[in-house]
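So the protein lines, in turn, are chains A and B. My numbering puts the first sequence at residues 929 to 1119. My numbering puts the second sequence at residues 30 to 208.
One or more hints might be untrue.
As the list claims (entries may be wrong) - Heads up, simulated EDC-like pairs for lysine to aspartate or glutamate below, C-alpha to C-alpha not over 16 Å straight-line: (1) K1017/A x D165/B; (2) K1017/A x E172/B; (3) K1017/A x D169/B; (4) K1017/A x E208/B; (5) K1028/A x E208/B; (6) K1045/A x E1072/A; (7) K993/A x E1047/A; (8) K1069/A x E995/A; (9) K1074/A x D984/A; (10) K1017/A x D161/B; (11) K1028/A x D165/B; (12) K993/A x D956/A; (13) K1091/A x E1072/A; (14) K1045/A x D956/A; (15) K1036/A x D1098/A; (16) K1029/A x D165/B; (17) K958/A x D990/A; (18) K1074/A x E995/A; (19) K1036/A x D984/A; (20) K1017/A x E153/B.
Stated by the list, open to error - Under 10 Å between C-beta atoms, here's a sample of chain B residues computed to sit facing chain A: (21) I31; (22) A35; (23) T67; (24) Y69; (25) Q109; (26) T140; (27) D142; (28) N162; (29) Q163; (30) E164; (31) D165.
None of these hints come from the bench; they were simulated from the model. From the three backbone atoms N, C-alpha and C, an ideal C-beta is built for every residue, glycine too.
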Amino acid sequence: MKKLLLAAAFSAAAMTAGLANAADYQVDVKGAHASVNFKIQHLGYSWLTGRFNQFDGQFQWDANKPEAAAIEVTIDTASIDSNHAERDKHLRGGDFLDVKKYPTATFKSTSYKPTGKTEGVLTGDLTLHGVTKRISFPVTKLGEGKDPWGGYRAGFAGSTKLKLSDYGIDYNLGPASTHVEMELHIEGIRQ
Amino acid sequence: MIRNTASGYGVVAIALHWLMALAIFGMFGLGLYMVELTYYDSWYRGSLELHKSAGVILAFVWMFRLVWRQINTVPTGLSQKPIENLAAHLAHLAIYALLAALFVSGYLISTADGRSIDVFGLFELGATLTGDNQEDVAGDIHEILAWLLMGLIGVHMLAALKHHFVEKDRTLSRMIKPE
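This is chain B alone, in the form it adopts within the complex (with noise of 0.2 Å):
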């Protein structure tokens, strides 16, 4: 129930799905929206501070999905085609590896000058690297990660849709029902 089999997810893999989708799909609305807005609009620095906290919590709780599914059995795809489940399987390493490239893009943003990051007034992340026009290219960067991440997670959703309405498998449902 709370950990996952070799065939179905844990409550814990679950949760962590769920609650990661949503707050990166926040994310990346927030962003584009934030950009947007001007001098005195009066969420121009509120949405900037909650984007950069919230962004630091979403990291430790990615890396504690990491360590939670290096403790847990990942349970095997369900595609007849051993190539299918090996696409699944790398697309989302991709999808891990480019979030903590945002993270890593998105830190260097707000930390180029030596400024520490300072998530919901609870404590401070500070800088480490700081750079040239390290915002600039970092800045590139983030916003570059952000669209490929939202494709990728495009061409996941379409999978799981597949696997749901044309194999008529159990892909999309282990990850809403726990085993």
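So here's chain A without its partners, still in its complex pose (with noise of 0.2 Å):
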């Protein structure tokens, strides 16, 4: 019986293994080398950048494997800042985000496809303001290797373009202001 326990804990573990044949990799959000930021257009006149503050996320990532790569990101909506206390209150308010009803925005990654050898198109569903799609962007390597502290890193940036009305969020900015540009900068440490 114990053996058989034993055997069934081993091909479980084997298991799992064989799943996650990529290495897993902690973004680095508490040394803070990873950013979720965004632009909009002020009246077609001027960028207005802010970003998130709060946010985790886990990927796999593997340089031989690229296309097993995936990566999960959540954000908690109500640290948006924008540099000005009663814009964020605004964002955070019912015309926008709402995030007393939907706290966080979430991107989970579904393929990855290798363009290159830094670069590839990342697809997966993003969930904001409580509506779920799933986009496509193009995603660079920057690069990864050995870090000065006995870890391991890597990181990427990616970007898109989302309309604001496809996420229910319909609050009239003006005519060249529909859309948002998401930037994402991220730092992972292998586990």
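These two chains come separately, so use the hints to put the complex back together.
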């Protein structure tokens, strides 16, 4: 009986290992080597930029098996910061993110298609303001390797343009401000 | 005439009362209205600037009124029941306290990120406390307090009307005609 359990445990471990054949990385939010930024046109005359201060994420990456790459990011929507308290209050309210009802936004990748050694197209489900949509956007790997403190890191950048009304955010900011550009910069520490 | 007596209000107290009543209703209406305005309304920014500036001025008037109240006699209540006079007195104090809390909470919304409040371009009121999500917490409190104040003012008005039409005493008329 003991042997049987042991065998079951081993085979289960082997199966999990088989699934997670790329290395696991934890996004370095503690050291703040990652950011979720956005920019949106103001009246069509300039860019308004801001970011989300609180988020977390994990990804799987193996340079030899780039197609196995996967990522999951969870963003605390209330942490929006456009460097103006009155505006942030408005952005958190019912006109925009409605953070009391939708406290998190998530992105879960479903596939990654490498298009070059350091480039690829990431596809996944973005849930924002209670609406889930499948999006694809280009991603670039900036680099990977040992860090000076005994760890191993890999970093990526990606950006995409979201139509606000696709996610049920239809407050009129003017014809030049219907879309927001999202930028994701992440550095992960291999676990 | 200028100052209060034991039986009635002076012209300063009466003017302060009605001026502030007007301003408080105006601020409440403006507050409800301005948060519904959309980005392309021409008064989207102006309404908020006015609310903030007028709020600061109202706070100064409130301070002056409190000082004036301190250096004057407060006329005695006209109800036959001491408990009613006490209730009226407590309600008046609560209105003063709610106003103070509204001034502070409003100030804390607009100064949450260290920005100061520009008062009609005359002077700037600097920030003091700043913190995470301060604008949200202060905003929720500001809104709740505003409704509480309106509720209390409603009671205050009904009580004044009751005195005038039911008890037929001078409670309301002495707030109109100076002693």
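Cross-check of the supplied hints:
1. K1017/A x D165/B: holds (6 Å)
2. K1017/A x E172/B: Given that 16 Å is the threshold and the Cα spacing comes to 13 Å, the pair holds.
3. K1017/A x D169/B: holds (10 Å)
4. K1017/A x E208/B: At roughly 48 Å apart (the allowed maximum being 16 Å), E208/B and K1017/A break the hint.
5. K1028/A x E208/B: violated (53 Å)
6. K1045/A x E1072/A: holds (12 Å)
7. K993/A x E1047/A: holds (13 Å)
8. K1069/A x E995/A: holds (13 Å)
9. K1074/A x D984/A: violated (22 Å)
10. K1017/A x D161/B: Roughly 11 Å between the alpha carbons, so the hint for K1017/A and D161/B holds.
11. K1028/A x D165/B: Roughly 11 Å between the alpha carbons, so the hint for K1028/A and D165/B holds.
12. K993/A x D956/A: Not OK: K993/A and D956/A at ~22 Å, beyond 16 Å, violated.
13. K1091/A x E1072/A: violated (32 Å)
14. K1045/A x D956/A: With Cα atoms ~23 Å apart, K1045/A and D956/A exceed 16 Å; violated.
15. K1036/A x D1098/A: violated (24 Å)
16. K1029/A x D165/B: Roughly 15 Å separates the two Cα atoms, so the pair holds.
17. K958/A x D990/A: At roughly 23 Å apart (the allowed maximum being 16 Å), D990/A and K958/A break the hint.
18. K1074/A x E995/A: With a Cα-Cα distance of about 22 Å, the restraint between K1074/A and E995/A is violated, given a limit of 16 Å.
19. K1036/A x D984/A: Holds, because 12 Å separates the two Cα atoms, which is no more than 16 Å.
20. K1017/A x E153/B: violated (22 Å)
21. I31: violated (41 Å)
22. A35: Result: violated, 47 Å to nearest chain A Cβ.
23. T67: The hint holds - T67/B has a Cβ within 10 Å of chain A, the shortest such distance being about 6 Å.
24. Y69: holds (6 Å)
25. Q109: With Cβ-Cβ at 49 Å, over 10 Å, it is violated.
26. T140: At 8 Å from the nearest chain A Cβ, T140/B passes the 10 Å test, so the hint holds.
27. D142: holds (4 Å)
28. N162: Holds: closest Cβ of chain A sits about 7 Å from N162/B, inside 10 Å.
29. Q163: holds (7 Å)
30. E164: Constraint on E164/B satisfied, holds at 4 Å.
31. D165: Result: holds, 6 Å to nearest chain A Cβ.
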